[in-house]
Amino acid sequence: MIRSPIALALVGLSALAVATFPRSVLVFLFFQGSLLYVFKARMPEPLRWGLLAVSLLVLMPTIGYFNSYYLEVATQVGIFVALALGLNIVVGLAGLLDLGYVAFFAVGAYSWAIFGSPHANIIFGGESFPLAGWWFYVFLFVGLGTAAITGILLGLPVLRLHGDYLAIVTLGFGEVIRVLANNLDKPINLTNGPKGITPILRPPTPFGIPYGEFFYFLALLIVVAVIVVNRRLEDSHIGRAWEAIREDELAARAMGVSLVRMKLMAFACGASFAGVMGVLFSAKQVFINPESFTFLESIGVLAMVILGGMGSIPGAIVGATVVTVLNLQVLKGFSLWLNELKNAG
Amino acid sequence: MDVELLIGIFPQVLLDGIILGFMYALIALGYTMVYGVLEFINFAHSEIFIFGAFVGVEVLLGLKSIGLLDGLPWPLVLVLVLVAGMAASGLLAVTVERVAYRPLRGAPRLIPLISAIGISFFLQDLIRLVESLWRNAFNLVYPTMDVLNLRFELSETIDVSVKSLVVIGGALLMLWALHLIVNRTKVGTAIRAVAEDQAAASLMGIDVNRIISLTFLIGGAMGGAAGVLFGVQYGLINPYSGFIPGLKAFTAAVLGGIGNIPGAMVGGLVLGLLEAFAAAYLSLLTGGAFGAEYKDILAFSILILILIFRPKGLLGEVVRERA
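Residue numbers (my numbering), protein chains in the order written: chain A, 1 to 345; chain B, 1 to 323.
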């Protein structure tokens with residue numbers, strides 16, 4: 001059964017509702033729910049993509065204009081969708097359980113944080129930092145590359161490990177990166193330790209759009225790019241090789257799949273998405289410290305992948321959206337409500 | 001570099017290392033026994049361990065509130081707390097196995113591990129929730145008992161507190177009891193048989209599920225004992241403080257050869273000593289460039305190196321790979 005009228009009505013109604021009650025969390029959830037419905041329900045493809053495009057490109061920024069917090073939520077969702085898609089390659093496609101994924105996010109974030117703030121002067125001396133704002137766009141790629149290299153560096157020693165041993169080692173690796181970030185304020189002050197780095201420079205925006213909207217659109221753009229790359233990879237010989245490794249390593253090798261190359265590629269690909277988002281994250285937050293890159297974050301991203309269904313691209317998107325919204329809005333609202341009850345009674 | 005200082009603190013560091021090592025050994029036993037029978041990393045073991053510490057502190061605070069903490073002889077109090085912590089952790093471990101692992105037996109290898117991670121976070125926040133509702137705080141401090149803080153001065157630079165003697169004594173007692181159970185009783189033989197070959201063991205009339213539960217019970221009880229001793233030794237506990245010791249203990253288990261019970265003890269001691277020495281000497285030897293914080297990195301590096309170059313560990317139990 002085709003559900004286009006329902007979808008149209010839902011999106012229109014929820015957008016109207018948000019416009020009427022811009023402060024109500026429930027109404028915003030209704031809007032997000034209707035987007036999910038459009039994403040999943042059966043309807044002609046052009047209509048689906050048209051509706052999604054209108055909602056994400058026009059309605060969402062308009063809502064954000066009235067309540068900037070919702071735009072912040074949407075940007076966070078974008079960041080986590082990209083992270084979940086990256087981890088989905090490593091865990092879902094290649095079957096390598098990575099419990100230290102947030103380390104790559106941290107690598108990306110620190111790469112811009114160091115060079116995009118006066119902090120780099122402490123390392124290199126002189127007064128030439130922070131770099132000019134437009135370098136941010138270059139650093140999106142630098143962060144991608146650095147994270148990918150870190151992924152390969154992690155991948156090399158753990159190539160021989162399988163299953164739960166791999167999981168524990170990647171967990172250890174994630175912790176090592178966090179401990180390093182926490183302690184590399186001496187002998188050379190690379191990360192400024194637990195105090196974190198601030199102020200991190202924000203780039204000049206095209207047409208002078210405000211930063212809230214800018215980061216939202218940038219996150220959206222990156223997410224779209226990540227989805228396209230994912231789609232193309234999944235159907236390529238690389239994606240099929242990953243799935244072969246996941247299903248049966250021995251058989252994959254017998255069929256001529258190069259385990260070393262494919263595993264390293266999985267780590268590098270997964271890491272690079274996190275690296276890009278790390279750069280965006282550090283510019284958006286203006287301030288980062290090791291607290292943002294704990295084991296809990298890695299597990300959170302893993303939960304998104306598992307909730308959506310390992311190995312599925314739409315699954316990772318839905319999982320990331322649901323978990324992020326739960327975290328930022330539903331559970332937060334719920335605990336506020338509980339506290340109110342407690343204080344009242 | 002101050003050589004005299006380096007030598008002077010040596011005995012104290014050695015003692016700290018031994019205490020830490022026994023603590024790791026006790027926790028590592030839980031990992032290694034479960035791995036022995038199920039070939040599965042019980043990720044929630046760190047929370048089972050800290051749960052023992054919380055039950056221990058609750059018993060102590062309970063005794064204190066009815067005025068019995070100083071009324072009863074202190075060895076009796078300690079035994080009481082230890083037994084309570086062990087029973088609670090053991091039962092928790094059995095419950096966790098029933099609820100979260102047994103339905104997933106036979107699923108692909110990663111699935112129970114993910115379930116275990118979920119349980120681990122669930123338990124952390126459950127402990128936090130219950131303690132917050134009950135005491136309005138989830139950072140709890142072990143009530144002090146004056147006897148435990150008595151110190152014997154052996155020389156100018158080293159003194160031994162009763163507390164550390166109790167911890168070492170308690171750990172040794174547990175390890176000895178475990179050794180007896182595993183090697184001298186019928187149940188122990190059954191556990192070893194299940195670890196060796198589940199199918200054959202069940203053909204010999206061993207109830208495999210019961211033995212697996214029993215393994216969780218014993219491993220959990222060891223973890224609970226470690227939790228109580230941890231609380232007695234270090235004083236302050238919170239629901240999240242089990243995670244890092246748990247990870248280190250897992251490292252110890254791998255170091256000694258996972259699945260191997262004497263290996264867990266050796267691995268625990270080696271790791272404890274290494275860590276204590278790293279914590280004390282790293283900053284002295286590098287002129288303050290690298291401090292005690294790097295002891296965590298040291299532990300994880302050991303884990304990674306062992307897994308890559310000698311996955312069977314120090315004592316050489318062969319690690320079988322399940323396809």
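By construction, these hints were calculated from the structure, which means they are not laboratory data. Computed from a prediction, not measured in an experiment: that's the story for all the values here. Where a beta carbon is used, it is the ideal one built from N, C-alpha and C, also for glycine. A portion of the hints provided could be inaccurate.
[To be verified] Only some residues are given here: those of chain A computed to face chain B with a beta carbon under 10 Å:
id, residue
1, P61
2, G64
3, Y65
4, Y69
5, L153
6, R160
[What the hints assert, rightly or not] A few chain B positions that, by computed beta-carbon distances, are all more than 10 Å from chain A:
id, residue
7, L91
8, V130
9, D159
10, G291
11, S301
12, P311
Okay, the hints, checked on the actual structure:
Taking 10 Å as the C-beta contact cut-off toward chain B, the hint placing P61 (chain A) at the interface is violated, the least distance being around 35 Å. With 10 Å as the threshold, the beta carbon of G64 (chain A) stays out of range of chain B, its nearest partner Cβ sitting at about 32 Å, so the hint is violated. Hint on Y65 (chain A) is violated. Least Cβ distance to chain B is approximately 37 Å, over the 10 Å limit. Evaluation of the Y69 (chain A) hint against chain B yields a violated restraint, the C-beta minimum of about 26 Å exceeding 10 Å.
Violation of the interface hint for L153 (chain A) is found here, the shortest Cβ-Cβ separation to chain B being roughly 12 Å, above the 10 Å cut-off. The beta carbon of R160 (chain A) comes within 7 Å of a beta carbon in chain B, closer than 10 Å, and the hint placing it at the interface holds. Its beta-carbon lying about 25 Å from the closest one in chain A, L91 (chain B) satisfies the requirement of being farther than 10 Å from that chain. Consistency note on V130 (chain B): stated as away from chain A, and its beta-carbon is indeed over 10 Å from all of that chain's, at 15 Å minimum.
With a least beta-carbon separation of about 31 Å from chain A, D159 (chain B) lies farther than 10 Å from that chain, consistent with its non-interface assignment. For G291 (chain B), the condition that its CB be more than 10 Å from all CB atoms of chain A is violated, with the nearest at approximately 7 Å. For S301 (chain B), the shortest C-beta to C-beta distance to chain A comes to about 8 Å, within the 10 Å cut-off, and the non-interface label is violated. P311 (chain B), annotated as away from the interface, has a beta carbon of chain A within 10 Å; the closest lies near 7 Å.
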